[in-house]
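Trainee: Please work from the sequences and hints to get the whole structure.
Chain residues, written in single-letter form:
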Amino acid sequence: MKGAGAIASRELGSYFRQPAGWIIIALYLFLTAMVFSFWVLNPGQPATLRSFFAVSGWLLLPVVPAVSMRLISDELKSGTLEGLLTSPVTGPAIVLGKFFGAALFLLGMLLPTLVFVALLFRVSEPAPDVGPLVSGYLCLTLLALLYLSIGTLATSLTSNATLAFMITLFAILGLMFMEGAYDKAPAWLRPVVGAMLIRPRIEDFAKGVIDTGHVVFFLSTTGWFLLLSVASVELRRWR
Amino acid sequence: MLVVDGVHKSFGSVRAVQGISFELKPGQVAGLLGPNGAGKTTTIRMITGFYLPDQGRVLIGGCDTVDQPKAAHSRLGYLPESTPLYAEMRVTDYLHFRGKLFGMDRRTRVAAIEHVISRCWLKDVRKRRVAKLSKGYKQRVGLAAALLHNPPVLVLDEPSNGLDPSQIRETRQLVRELSADRTMLMSSHILPEVERICDRVIIVAAGKVRADGSPAQLIRDSGDQGTYLAQAKGGRAGDDDRFIRIMTTVPYVQSARRTNPDRPGEVQDWTHWVLTSKKGAPDLREAIAHAAMQNGIMLRELRTDAQTLERVFLRLVEESEQAAPEPEPAAVIDDKVRATPTGSAA
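Protein chains in written order, with the working numbering: chain A, 3 to 241; chain B, 808 to 1153.
In case anyone wonders, no lab produced these hints; they're calculated from the structure.
Positions of the beta carbon are idealized from the N, C-alpha and C atoms, including for glycine.
Treat each hint with caution, since some may be false.
[Claimed, not checked] A short list of chain B residues far from chain A (calculated; beta carbon distances all over 12 Å):
(1) L892
(2) W928
(3) I1051
[Said to hold, decoys possible] If you only want the chain B side, here are some residues facing chain A, beta carbon under 8 Å, derived:
(4) S881
(5) Y885
(6) P887
(7) E895
(8) T899
(9) L908
(10) F909
(11) G910
Mentor: Laid out in structure tokens, this is it:
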């Protein structure tokens, strides 16, 4: 996996060398701070970040495609992918490097929100329950990684970043609203569709339940999308 | 050092490369020439591992680009045609990134970066962002990146493309310096450049090798006549036959033809001549001058209108087009246009 670290580091740096990265972070923090101020800091209400996590989950919908849309599309458009594929770096290293660079950016975006946790502990009496806070952040992280892997696949398919954004957004929306398909699916297909549903898993996390099955689901689905992204990059050599 | 063994590549029904083979020995500098759509860039991309060949194989330093891609790539420095770089990065940051991709540790990397920055004349712009550089400087950054890991094989795709004349001169000088200690394959449209730099020329057209040899050998083997231009005085007025007779007795001179006609009423002055030599003739200037002197003919100009690589190239391309008059896909579809999303590549 030589070279993945260098690619991840370059990718992470590129978000901060351009205004887009700062704008995404600023917008996300502004919106979540509004949610925290108006919905969380309510006197007499239980001390919980549940509404912050709910809104953050929805904010990932536009944020992750915006972060992922240029990952490989830009390399295809500018021709820099040729420089990567002709260096002693493998396809998996390129995809993982890109993925982890963007994942670190997203985690860096979530990091300042820990201030909300600190504030909540300071002003709440009794102190908030730690379980839902940990499971909430874990859920946000796993969701972000899953969405990002979908975005990585989309961006490996086209040199048009806007198109990659749209593909990612609609794929995530499709995954979110799979419940509609569950109700209408034939009985024999329901177990499969049911296993793919995201919302029940998110609800468990929101209750403070960390089910290892859910964690494995998110991580393995992320892995599958990354595997497809690797195949998409490697196939370019064979086209 | 570089072996290209019967490589084929098709894009759908388009046969871009059809069995190209050649081998470069250590220290050899070869030019890959061909018209647009001839298969040059596809061949180069198969050598660099960006495309995998449908058939055939490429060995770099004995390592197969399919079976041992890492080993093969680490022996190769590559400058793609449009010199794609990360615009937002600074020059040294970009070179550090490239060094990391090639597994260079920090100490080796710093030393190598200093070396290539000095060699590619990048000292003045080392801290500048790539986006702010001129095209000539970007080309040098691309070359510096290709040289960073000191590869024994260097592949340059159109290194002078899009540069102004002074930048072309600078790049040519740099390429000539680099060619001193490594095996190099470069494609170019500028034939005099290839003639000056390369000790071997491979001409491809319609996805096949049409000629392979040193520039002098290709010119010699082309079978075309050498031509000499002369201005002479000393013959009697209107006595062109005497000049022709004298000159055609010179070994290897095939014909002499006057090019400026007599004008009625004018005194015969300098006459202009075109002399052609037979196939395989050596330089005849000395023999022609000697014959003129012995026969009391004064020469004020005698120069070769030598056969150039450009003429050989054009003739070979013309022949290959005549040999395949039906629409030959590989000859008409430019693979570089296919490869770029904007379709803007030359």
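Trainee: Please go over all the hints and tell whether each is borne out by the structure.
Mentor: So, going through the hints one by one against the coordinates:
Once the 12 Å rule is applied to beta carbons, L892/B is inconsistent with being away from chain A; the minimum gap is 7 Å. Remark: the non-interface label on W928/B is consistent with the geometry, its nearest Cβ contact in chain A lying 21 Å away (cut-off 12 Å). At roughly 59 Å, the least C-beta separation between I1051/B and chain A is larger than 12 Å, which holds for a residue marked as non-interface. The beta carbon of S881/B comes within 5 Å of a beta carbon in chain A, closer than 8 Å, and the hint placing it at the interface holds.
Taking 8 Å as the C-beta cut-off, the interface hint given for Y885/B holds, the closest approach to chain A being about 5 Å. At about 5 Å, the closest approach between the beta carbon of P887/B and any beta carbon in chain A falls short of 8 Å, and the interface hint on this residue holds. The interface hint given for E895/B holds, since its Cβ lies 4 Å from the closest Cβ of chain A, which is under the 8 Å cut-off. Using the Cβ-Cβ criterion of 8 Å, the hint placing T899/B at the interface with chain A is not satisfied: the shortest such distance is roughly 13 Å.
Checking L908/B against chain A by beta carbon gives a least distance of about 4 Å; that is within 8 Å, so the hint holds. Hint status for F909/B: holds, given a least beta-carbon distance of 6 Å to chain A, under 8 Å. Satisfaction of the interface hint for G910/B is found here, the shortest Cβ-Cβ separation to chain A being roughly 6 Å, below the 8 Å cut-off.
The structure fails hints 1 and 8 (numbered hints given earlier, in ascending order).
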